[in-house]
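Line by line, the protein sequences are chains A, B and C. 1 is the number of the first residue of the first sequence in this note's numbering; add one for each residue after it. 1 is the number of the first residue of the second sequence in this note's numbering; add one for each residue after it. 1 is the number of the first residue of the third sequence in this note's numbering; add one for each residue after it.
Rather than coming from a laboratory, the hints here were simulated on the basis of the structure. Hints are not guaranteed to be accurate.
[Said to hold, decoys possible] In silico DSS-like links for lysine-lysine, alpha-carbon gap of 30 Å or less:
no., chain 1, residue 1, chain 2, residue 2
1, C, 32, C, 204
2, C, 199, C, 235
3, A, 304, B, 243
4, C, 329, B, 243
5, C, 199, C, 483
6, C, 32, C, 120
7, C, 375, B, 243
8, C, 188, C, 82
9, A, 304, B, 7
10, B, 7, C, 393
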Amino acid sequence: MSIDFIIAVIITVVGASTPILFAGLGELVTEKAGVLNLGVEGMMLIGAIAAFATVDLTGNPWLAVVVAAAAGAAASMIFAVLTLSLSANQVATGLALTIFGGGLSTLIGQGFTGRAIHTFDTIFPDALAKDPIGRVFFSYSPLVYFSFIMVALVAWFLRGTRAGLILRAVGENDLSAHSIGYSVIGVRYAAVAFGGAMAGIGGATFPLVLTPLWAEGLTGGRGWIAIALVVFAGWRPVWLLAGAYFFGLLGTFELYAKASGASWTSVLPSEAWAALPYLATVVVLAIISASKRAGGNAPACLGKPFLPTT
Amino acid sequence: MRLKLEKRAEPSRFMLYASPIGAVLVTMIVGAIIFSVIGYDGLGAVYQVFIAPVTTSYKWQDVALKASPLILIGVGLAVGNRAAIWNIGAEGQYVVGGLAGTGVGLLTQNFTGPWILPTMLVAGFIGGAAWGAIPAGLKTRFSVNETLSSLMMTYVAIHLMNYLVTGPWKDPSGYSFPQTPLVTADQTMPIIIPGTQVHLGVLLTLIIAVGVWVLMSRSVFGFQVRVVGSAPNAARHGGFSQKQTVWLVFLLSGGLAGLAGIFEVTGPFQQMSLGFPQNYGFTAIIVAFLGRLNPIGVIIAGIVLAITYVGGDMAQSALQLPNASKGIFQAMMLFFLLASDILVRYRLRFVSRTPAPAPSPSRSAA
Amino acid sequence: MVVNPPLRLEVVGITKRFPGVLANDHVSFAVKPGEIHALLGENGAGKSTLVKMIYGIMQPDEGEIRWNGQPIVVANPRAARKLGIGMVFQHFSLFEALTVLENIALGMDAKIPQRQLEAKIREVMATYGLTLDPHRIVSTLSVGERQRIEIVRALLLNPRLLIMDEPTSVLTPQEVEQLFDVLRLLAKQGCAILYISHKLHEIKALCETATILRGGRVVDTCDPRQETSRSMAEKMIGAGLKDVTKPASRTIGREKLVVNRLSVPAAGHFGVALRDITFNVRAGEIFGIAGVAGNGQNELLLALDGEEIGDDAGAITLDGERIGRCSAKERRLRGLSTVPEERNGHAAVPEFSLSDNSILTGRDRLGMVFSGLIKPGVAHEYTGKVISTFAVKATGAAATAGSLSGGNLQKYIMGREILQNPKVLVVSQPTWGVDAGAAAAIHQAIVDLAVAGSAIVVISQDLDELLALSDTLAVINGGRLSKPMNIADVTIEELGLLMGGIHGEAGHPADKEPVHAA
Numbered sequence: 001m002s003i004d005f006i007i008a009v010i011i012t013v014v015g016a017s018t019p020i021l022f023a024g025l026g027e028l029v030t031e032k033a034g035v036l037n038l039g040v041e042g043m044m045l046i047g048a049i050a051a052f053a054t055v056d057l058t059g060n061p062w063l064a065v066v067v068a069a070a071a072g073a074a075a076s077m078i079f080a081v082l083t084l085s086l087s088a089n090q091v092a093t094g095l096a097l098t099i100f101g102g103g104l105s106t107l108i109g110q111g112f113t114g115r116a117i118h119t120f121d122t123i124f125p126d127a128l129a130k131d132p133i134g135r136v137f138f139s140y141s142p143l144v145y146f147s148f149i150m151v152a153l154v155a156w157f158l159r160g161t162r163a164g165l166i167l168r169a170v171g172e173n174d175l176s177a178h179s180i181g182y183s184v185i186g187v188r189y190a191a192v193a194f195g196g197a198m199a200g201i202g203g204a205t206f207p208l209v210l211t212p213l214w215a216e217g218l219t220g221g222r223g224w225i226a227i228a229l230v231v232f233a234g235w236r237p238v239w240l241l242a243g244a245y246f247f248g249l250l251g252t253f254e255l256y257a258k259a260s261g262a263s264w265t266s267v268l269p270s271e272a273w274a275a276l277p278y279l280a281t282v283v284v285l286a287i288i289s290a291s292k293r294a295g296g297n298a299p300a301c302l303g304k305p306f307l308p309t310t
Numbered sequence: 001m002r003l004k005l006e007k008r009a010e011p012s013r014f015m016l017y018a019s020p021i022g023a024v025l026v027t028m029i030v031g032a033i034i035f036s037v038i039g040y041d042g043l044g045a046v047y048q049v050f051i052a053p054v055t056t057s058y059k060w061q062d063v064a065l066k067a068s069p070l071i072l073i074g075v076g077l078a079v080g081n082r083a084a085i086w087n088i089g090a091e092g093q094y095v096v097g098g099l100a101g102t103g104v105g106l107l108t109q110n111f112t113g114p115w116i117l118p119t120m121l122v123a124g125f126i127g128g129a130a131w132g133a134i135p136a137g138l139k140t141r142f143s144v145n146e147t148l149s150s151l152m153m154t155y156v157a158i159h160l161m162n163y164l165v166t167g168p169w170k171d172p173s174g175y176s177f178p179q180t181p182l183v184t185a186d187q188t189m190p191i192i193i194p195g196t197q198v199h200l201g202v203l204l205t206l207i208i209a210v211g212v213w214v215l216m217s218r219s220v221f222g223f224q225v226r227v228v229g230s231a232p233n234a235a236r237h238g239g240f241s242q243k244q245t246v247w248l249v250f251l252l253s254g255g256l257a258g259l260a261g262i263f264e265v266t267g268p269f270q271q272m273s274l275g276f277p278q279n280y281g282f283t284a285i286i287v288a289f290l291g292r293l294n295p296i297g298v299i300i301a302g303i304v305l306a307i308t309y310v311g312g313d314m315a316q317s318a319l320q321l322p323n324a325s326k327g328i329f330q331a332m333m334l335f336f337l338l339a340s341d342i343l344v345r346y347r348l349r350f351v352s353r354t355p356a357p358a359p360s361p362s363r364s365a366a
Numbered sequence: 001m002v003v004n005p006p007l008r009l010e011v012v013g014i015t016k017r018f019p020g021v022l023a024n025d026h027v028s029f030a031v032k033p034g035e036i037h038a039l040l041g042e043n044g045a046g047k048s049t050l051v052k053m054i055y056g057i058m059q060p061d062e063g064e065i066r067w068n069g070q071p072i073v074v075a076n077p078r079a080a081r082k083l084g085i086g087m088v089f090q091h092f093s094l095f096e097a098l099t100v101l102e103n104i105a106l107g108m109d110a111k112i113p114q115r116q117l118e119a120k121i122r123e124v125m126a127t128y129g130l131t132l133d134p135h136r137i138v139s140t141l142s143v144g145e146r147q148r149i150e151i152v153r154a155l156l157l158n159p160r161l162l163i164m165d166e167p168t169s170v171l172t173p174q175e176v177e178q179l180f181d182v183l184r185l186l187a188k189q190g191c192a193i194l195y196i197s198h199k200l201h202e203i204k205a206l207c208e209t210a211t212i213l214r215g216g217r218v219v220d221t222c223d224p225r226q227e228t229s230r231s232m233a234e235k236m237i238g239a240g241l242k243d244v245t246k247p248a249s250r251t252i253g254r255e256k257l258v259v260n261r262l263s264v265p266a267a268g269h270f271g272v273a274l275r276d277i278t279f280n281v282r283a284g285e286i287f288g289i290a291g292v293a294g295n296g297q298n299e300l301l302l303a304l305d306g307e308e309i310g311d312d313a314g315a316i317t318l319d320g321e322r323i324g325r326c327s328a329k330e331r332r333l334r335g336l337s338t339v340p341e342e343r344n345g346h347a348a349v350p351e352f353s354l355s356d357n358s359i360l361t362g363r364d365r366l367g368m369v370f371s372g373l374i375k376p377g378v379a380h381e382y383t384g385k386v387i388s389t390f391a392v393k394a395t396g397a398a399a400t401a402g403s404l405s406g407g408n409l410q411k412y413i414m415g416r417e418i419l420q421n422p423k424v425l426v427v428s429q430p431t432w433g434v435d436a437g438a439a440a441a442i443h444q445a446i447v448d449l450a451v452a453g454s455a456i457v458v459i460s461q462d463l464d465e466l467l468a469l470s471d472t473l474a475v476i477n478g479g480r481l482s483k484p485m486n487i488a489d490v491t492i493e494e495l496g497l498l499m500g501g502i503h504g505e506a507g508h509p510a511d512k513e514p515v516h517a518a
């Protein structure tokens with residue numbers, strides 16, 4: 001394998017990992033507050049179409065990121081009202097949100113099928129990305145760099161700030177947090193909104209970074225992988241980064257299987273490579289869940305509705 | 001005056017059954033408004049999606065054909081959700097059931113006899129149950145969250161189907177279309193209403209749904225499922241095994257989804273093709289909830305959702321309303337149902353604001 | 001003192017209603033600076049509701065709270081803390097996965113850098129003679145240490161009023177003494193203390209004033225040092241105390257339940273391992289197991305009733321038959337009944353009707369199942385019998401378990417097991433959170449069952465209950481059971497030491513040190 005090939009792989013992997021990294025980070029914060037939102041896939045789709053439509057209409061990819069985040073957060077508010085204010089079942093509501101996001105994005109996307117958009121220009125001067133090593137570091141979309149910043153920010157927020165401590169406390173023991181005087185519901189609304197915004201940006205990554213074309217259901221289950229990723233990472237942001245890149249790598253095999261028929265990928269049919277990330281997710285979940293430590297890291301109130309006794 | 005939620009001493013039976021009807025009605029009203037706002041004929045859309053399939057008698061058979069898999073899968077999921085076991089991979093189990101039955105079909109193409117169809121049906125059930133056994137085993141053995149694993153296995157199932165349909169199982173005389181050979185006469189579901197496409201599977205679905213209702217309401221198994229779902233510790237105390245319940249629920253719901261799959265292959269589809277996954281497995285989640293996790297309720301909810309499937313197609317041709325709109329209507333039904341759930345356990349009360357207990361304002365002792 | 005200082009806290013005519021319940025009915029009382037004031041009453045008398053209003057968790061419907069003579073509205077706990085009101089909860093509001101320091105930081109309203117906070121914590125601990133490592137994760141601490149976090153958290157705020165809600169229910173007698181020392185020192189410095197309890201001897205030892213609540217109303221304010229325990233108990237309960245009648249001449253028969261070196265590994269992170277539990281219970285005998293919460297009581301119950309099944313068939317013997325590897329169902333069929341501590345969600349399913357709850361544990365012994373199908377009529381009839389025999393207040397067999405009060409649900413659960421005529425009955429915390437009337441009825445039912453010839457195990461944190469009921473008593477600590485003692489030979493002192501056993505200062509739960517005297 002040539003160095004060029006390896007660099008090409010790295011660049012592809014970075015792109016493929018970014019959506020699940022964003023969505024996973026958002027879900028991680030949501031879950032740390034004790035809320036299990038299974039609507040990530042739906043929110044990603046809504047973010048994706050919001051971003052696509054914004055670029056198509058305004059030509060501004062920066063604005064598209066903002067709109068996608070807002071759209072994802074707005075979608076997450078449906079979930080928040082149902083589960084937090086009306087204490088509906090979180091699993092069922094998350095599923096409904098995924099179905100809703102799929103329908104809504106397809107409906108809006110109808111008008112955009114087959115259109116191409118122009119997205120971000122590179123932010124670093126082309127000269128920096130000339131030699132192979134430079135390409136590895138300087139050739140990406142701004143969203144990729146933004147995802148790294150967000151990993152650091154989330155890690156710092158959870159570990160080093162008082163607000164992060166309160167958020168963890170709410171996820172750990174909602175009744176205690178309530179009795180000390182923190183607004184459990186308020187903190188959870190904020191965490192769900194952040195999760196929605198990040199899922200929205202994760203969805204926006206598909207049209208803005210990966211393929212500038214609209215396709216129905218283009219997230220292809222990445223939202224679910226993002227949720228699995230949070231378990232895999234043991235609710236730790238830096239591990240999430242590692243996990244996202246691992247799954248990103250698995251996801252790129254299919255591309256190579258399709259692109260170069262005669263290569264090493266031909267040992268398996270392309271469908272097998274396509275199924276690999278999902279199978280790997282199941283296997284990794286099995287390994288992680290089997291070890292007791294992972295369960296110990298899960299926020300104690302995850303998925304349970306908050307019902308103060310008054 | 002303000003609204004206050006007050007916990008009921010006992011859950012309201014009336015609300016339990018009224019809220020699904022309310023959810024459908026509110027979906028129609030809000031749906032009409034939303035579609036008007038985004039520039040469609042809102043009232044027309046609601047009429048086409050919800051009413052037209054009922055008033056157009058030649059569409060009834062379509063409704064029956066769509067309702068059948070939704071009910072069959074929905075009944076299985078209702079059992080699972082009762083036990084708080086979240087099988088959201090029914091779509092994959094449906095596909096694998098179809099594949100397993102088709103596999104038997106391919107082997108028996110050159111045979112004749114009345115045993116062929118039942119064998120395919122059994123294979124379909126086993127195929128779905130086997131696919132359901134994967135998340136069940138992972139959950140009981142490694143405590144893997146079944147929501148994620150069952151869904152992941154759905155993607156694997158669809159890729160497996162794509163491979164078989166475009167590769168080894170492709171119809172050699174099919175002009176290289178990605179589809180399996182058509183089923184033979186002995187592999188086809190008999191039509192039970194002459195002049196329509198309504199096949200035996202529709203009747204079997206109703207029989208199975210009623211059977212599951214008896215199972216859930218009268219048997220120890222049904223009791224076990226309900227206890228495990230409501231209070232896992234009480235279930236252990238009562239001598240019921242959580243793991244056994246997980247297995248039984250996944251084998252049953254997976255098997256029924258697989259059966260729905262092979263009903264489709266031997267009924268409406270007559271073969272496997274890339275268009276075989278119809279999202280029934282996901283829509284059936286809505287069916288199960290809208291039917292209040294009660295098999296009889298699931299029959300009604302399955303018909304309602306089937307109406308929206310048929311109505312979605314009608315709206316597309318009548319109003320150029322994109323087919324995806326039906327998904328929005330379906331999700332809205334579930335949203336409104338979940339939102340109204342709180343009324344089962346709480347009642348809404350208007351209360352006058354209490355006067356401030358102390359005359360003087362709060363004072364902080366700094 | 002020249003002038004009387006203003007009253008630190010005055011509560012005037014406080015009323016609080018919940019749907020169907022009048023929790024507080026024009027309650028009034030006052031606390032002076034430096035006074036240790038008891039708030040005495042049974043479970044359900046309205047003590048917790050009252051202090052929740054003082055601490056701002058709830059708002060009163062009527063009445064006034066005065067602070068240093070000024071009427072105030074305590075909008076929320078934050079406002080309460082700003083005033084100088086601290087509270088230590090009965091159920092600790094702690095976060096298991098966080099450190100001691102993080103837990104304390106969460107309770108502080110002011111933003112203090114962690115290092116400064118840590119210094120302040122060490123200072124407070126030195127002042128009051130408390131020891132605690134600020135960097136330990138809470139889940140690794142003993143119950144007494146956890147309470148210390150709450151106390152330190154309250155003390156850091158320099159409270160002018162400290163509310164202690166049933167602080168000793170989880171402590172050993174020795175830990176209780178240490179706590180009292182801290183409280184006395186605090187009071188000497190002028191802090192008022194509102195001490196909530198239903199333990200009369202503690203109140204006599206600690207408090208100078210007691211306000212007694214019954215059914216949401218103040219029935220008396222007295223000086224507990226001038227009262228006898230019995231007189232206070234009668235005020236608290238209302239009618240004259242009804243003693244449990246325990247016939248002196250009971251025939252203790254042959255061994256029914258024999259537990260021989262029962263060991264169970266710890267389940268998960270926070271579980272307790274059972275080690276070499278050995279005891280036997282004879283027909284007609286009531287065997288008490290005392291201990292501080294979280295020392296393996298729950299695990300022992302699960303191991304006995306078959307919810308956790310071990311490898312050693314001979315570890316548990318029922319009527320000579322080895323049942324150590326039998327399932328819960330098989331054990332129940334052989335006549336072993338159990339009542340776990342947690343009523344809602346363990347002993348009973350709150351959303352289910354009482355009739356269905358009878359099916360939960362009675363279906364096989366009482367013929368409620370025929371070839372896989374349930375016979376609802378049999379369950380309904382049996383449930384009706386339980387309701388009438390045990391005077392359960394319920395609308396009928398179709399009422400959901402969740403709609404019953406704690407005491408009535410407990411009576412139903414006890415009745416459900418007792419009417420199955422178990423050979424052995426294992427009960428955990430039989431009267432926890434139950435009103436006195438129901439508690440007396442439950443105690444009587446336990447004694448009657450023993451008289452009828454069943455072997456009974458009572459696991460409880462309530463020493464008074466155990467001393468009243470048991471014939472034989474043992475103490476569980478850190479998953480080990482002490483040698484059984486005849487009830488006549490037991491001293492409170494000895495029990496206290498056994499209960500404290502391994503839970504000394506900063507003791508690690510896994511340590512196997514022998515008992516050390518304080």
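How the hints compare with the structure:
The hinted pair formed by residue 32/C and residue 204/C meets the criterion: a straight-line CA distance of about 18 Å does not exceed 30 Å. For the given pair, residue 199/C sits about 13 Å from residue 235/C by alpha-carbon distance, which is consistent with the 30 Å threshold. The suggested pairing of residue 304/A with residue 243/B holds, with an alpha-carbon distance near 21 Å, which does not exceed 30 Å. Between residue 329/C and residue 243/B the CA atoms are separated by roughly 16 Å; this keeps the pair inside 30 Å, and the hint holds.
Between residue 199/C and residue 483/C, the direct Cα distance comes to roughly 27 Å. Compliance with the 30 Å bound is thereby established for this hinted pair. A distance of roughly 28 Å separates the Cα atoms of residue 32/C and residue 120/C; the hinted pair therefore holds under the 30 Å criterion. Restraint check for residue 375/C and residue 243/B: satisfied, since their Cα atoms lie roughly 26 Å apart, inside the 30 Å limit. Pair hint residue 188/C plus residue 82/C holds up; C-alpha atoms about 22 Å apart against a cutoff of 30 Å.
Only pairs whose Cα atoms come within 30 Å are accepted, and residue 304/A paired with residue 7/B is accepted, the gap being roughly 18 Å. For the hint linking residue 7/B to residue 393/C, the alpha-carbon distance of about 20 Å falls within 30 Å, and the restraint holds.
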